[in-house]
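Undergrad: Sequence:
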Amino acid sequence: MSSPKRRGLLADYIAGAVVWYGAMGMQLVIVAWLVMDVLASRQELGFVRGAGMAPILILLLLGGLMADRVDRRRLLIGLYLSAAVLTGSLALIVHAEALDLWILTVYVIAMGSVTAFLQPARDALLSDIVDGDMTRPATAITMTQFGALSLGTLAAGSAELLGLSTILGIQAVLLSMGLVACWRLPSRKPSASQIGLSFSDAFAGVGEVFGSSSMRSTTLLMVGVGLFFTGAFSVALPLLVYQHHQGDVSDLSLVMSGLQAGTVLGAAGMLTLRRIPRRGLTLACSLAGASLPILALSLGLPFLGTLVAAFVWGIFVAGFYSMGRAIIQEAAPADHRARVLAVYALSMQGATVIGAPMVGLLAAMLGPLGVFVFCAGAMLLFVGIICLATPVLKVD
Numbered sequence: 011m012s013s014p015k016r017r018g019l020l021a022d023y024i025a026g027a028v029v030w031y032g033a034m035g036m037q038l039v040i041v042a043w044l045v046m047d048v049l050a051s052r053q054e055l056g057f058v059r060g061a062g063m064a065p066i067l068i069l070l071l072l073g074g075l076m077a078d079r080v081d082r083r084r085l086l087i088g089l090y091l092s093a094a095v096l097t098g099s100l101a102l103i104v105h106a107e108a109l110d111l112w113i114l115t116v117y118v119i120a121m122g123s124v125t126a127f128l129q130p131a132r133d134a135l136l137s138d139i140v141d142g143d144m145t146r147p148a149t150a151i152t153m154t155q156f157g158a159l160s161l162g163t164l165a166a167g168s169a170e171l172l173g174l175s176t177i178l179g180i181q182a183v184l185l186s187m188g189l190v191a192c193w194r195l196p197s198r199k200p201s202a203s204q205i206g207l208s209f210s211d212a213f214a215g216v217g218e219v220f221g222s223s224s225m226r227s228t229t230l231l232m233v234g235v236g237l238f239f240t241g242a243f244s245v246a247l248p249l250l251v252y253q254h255h256q257g258d259v260s261d262l263s264l265v266m267s268g269l270q271a272g273t274v275l276g277a278a279g280m281l282t283l284r285r286i287p288r289r290g291l292t293l294a295c296s297l298a299g300a301s302l303p304i305l306a307l308s309l310g311l312p313f314l315g316t317l318v319a320a321f322v323w324g325i326f327v328a329g330f331y332s333m334g335r336a337i338i339q340e341a342a343p344a345d346h347r348a349r350v351l352a353v354y355a356l357s358m359q360g361a362t363v364i365g366a367p368m369v370g371l372l373a374a375m376l377g378p379l380g381v382f383v384f385c386a387g388a389m390l391l392f393v394g395i396i397c398l399a400t401p402v403l404k405v406d
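In our numbering, the protein residues as written are 11 to 406.
These are computed hints drawn from the structure, not numbers from a lab. Be a bit skeptical, because a hint or two may be false.
Derived Cβ-Cβ restraints for the label pairs, each shown as a range [unchecked claim]:
| no. | residue 1 | residue 2 | range |
| --- | --- | --- | --- |
| 1 | Val-183 | Ala-344 | 33 to 41 Å |
| 2 | Phe-313 | Val-183 | 25 to 33 Å |
| 3 | Ala-108 | Arg-285 | 38 to 46 Å |
| 4 | Trp-112 | Gly-18 | 38 to 46 Å |
| 5 | Arg-285 | Gln-253 | 40 to 48 Å |
| 6 | Phe-313 | Gly-380 | 35 to 43 Å |
| 7 | Asp-406 | Ala-106 | 16 to 24 Å |
Note that beta-carbon positions come from the ideal geometry of N, C-alpha and C, so glycine has one too.
Produce the complete structure using the sequences and hints provided.
TA: Spelled out as structure tokens, the structure:
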């Protein structure tokens, strides 16, 4: 494939990612606000977040297998269309003032199911477009992902002005625009040996991951992200803004976008480096370093201090997201790449099924400040155990 054509395909790939993550940034804020404000069910936020992750836990391995066995381009087109229809339907329900907790739960479960099939297909498609050292492409994708998330969360802050149903309608339109980008991506017809789905084949990626010391140790570290960091971001942070700062939806979007802006800055800084040696060490240090601003959030900072802590947290996020993605993307065998990437994603997102409700329960017990002490301390301990038990610090 010629370089100009490859660059064009990469631009289409990034456009599709921008659309998806922009929409997910909007959803991150809107779902939290629907639970806490519209439904007045603050203690149910962890349950709703966990419900959205449950289908990922169940279906992600199957999604990885399907992405290895079918045309990824067609699969992505269908999934973007499904997400747009689901979000448009929720917009109509909110506009009709017919929303209840169970309808919202069904919505997040359905969107989680779409994500379970979309994520491995999109991640594997990157290696069909870019080859060689994956550190810079993985870092660029991380920057794109969190930049789009940041814009999406900021856009969701206008819900007070435009209305929640209007923001959901905009999100649906944004998702439908992803069809255009996906339409231009390369098709991939499976070989005869790859046609068909079987239950055992869905678990082939698990054997690949745990048979490789570099992929195994990297994947285990990302379990900690799902257990302690994702819940801190998606559950504890909204509760901190709502209960401690007495903020509104625009304040929540500002704090969340601040973290994502920090990730963009961190990834941009990493792109200036020609090569990052000892990527496993960088991964572990980024995870440990992120615990410090999380711990700072437990101090009852003023709102500006919370913004700064979230921004610094985001800088460390760039390190562990980029390094983890690059290590796995390079080490995964081509024929099983989507399944391996599905296992990697499952390690973090599947752990969130436990982590998000756990953080929600702990927030009710410890308060919106005390829960951050638990998340930071537990992550530091977890990283230390994995570094002692695996050769992750030696991964290059």
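Undergrad: 38 to 46 Å was suggested as the range; check whether the CB atoms of Trp-112 and Gly-18 agree with it.
TA: 45 Å, holds
Undergrad: Taking 16 to 24 Å as the stated bounds, is the beta-carbon spacing between Asp-406 and Ala-106 within them?
TA: Given about 56 Å between the Cβ atoms, the range is violated.
Undergrad: Take a look at whether the Cβ-Cβ distance between Arg-285 and Gln-253 falls inside 40 to 48 Å.
TA: Check passed, 45 Å falls within 40 to 48 Å.
Undergrad: If I claimed the Cβ atoms of Phe-313 and Val-183 lie 25 to 33 Å apart, would that claim hold in this structure?
TA: 32 Å, holds
Undergrad: Verify the CB-CB distance for Phe-313 and Gly-380 against the hinted window 35 to 43 Å.
TA: 19 Å, violated
Undergrad: Measuring from beta carbon to beta carbon, are Ala-108 and Arg-285 in 38 to 46 Å?
TA: Given range 38 to 46 Å: violated, Cβ gap about 55 Å.
Undergrad: Lying within 33 to 41 Å: is that true of the beta-carbon distance Val-183 to Ala-344?
TA: Holds, since Val-183 and Ala-344 (Cβ atoms, about 36 Å apart) stay within the stated range.
Against the hints set out earlier in the document, violations occur for numbers 3, 6, 7.
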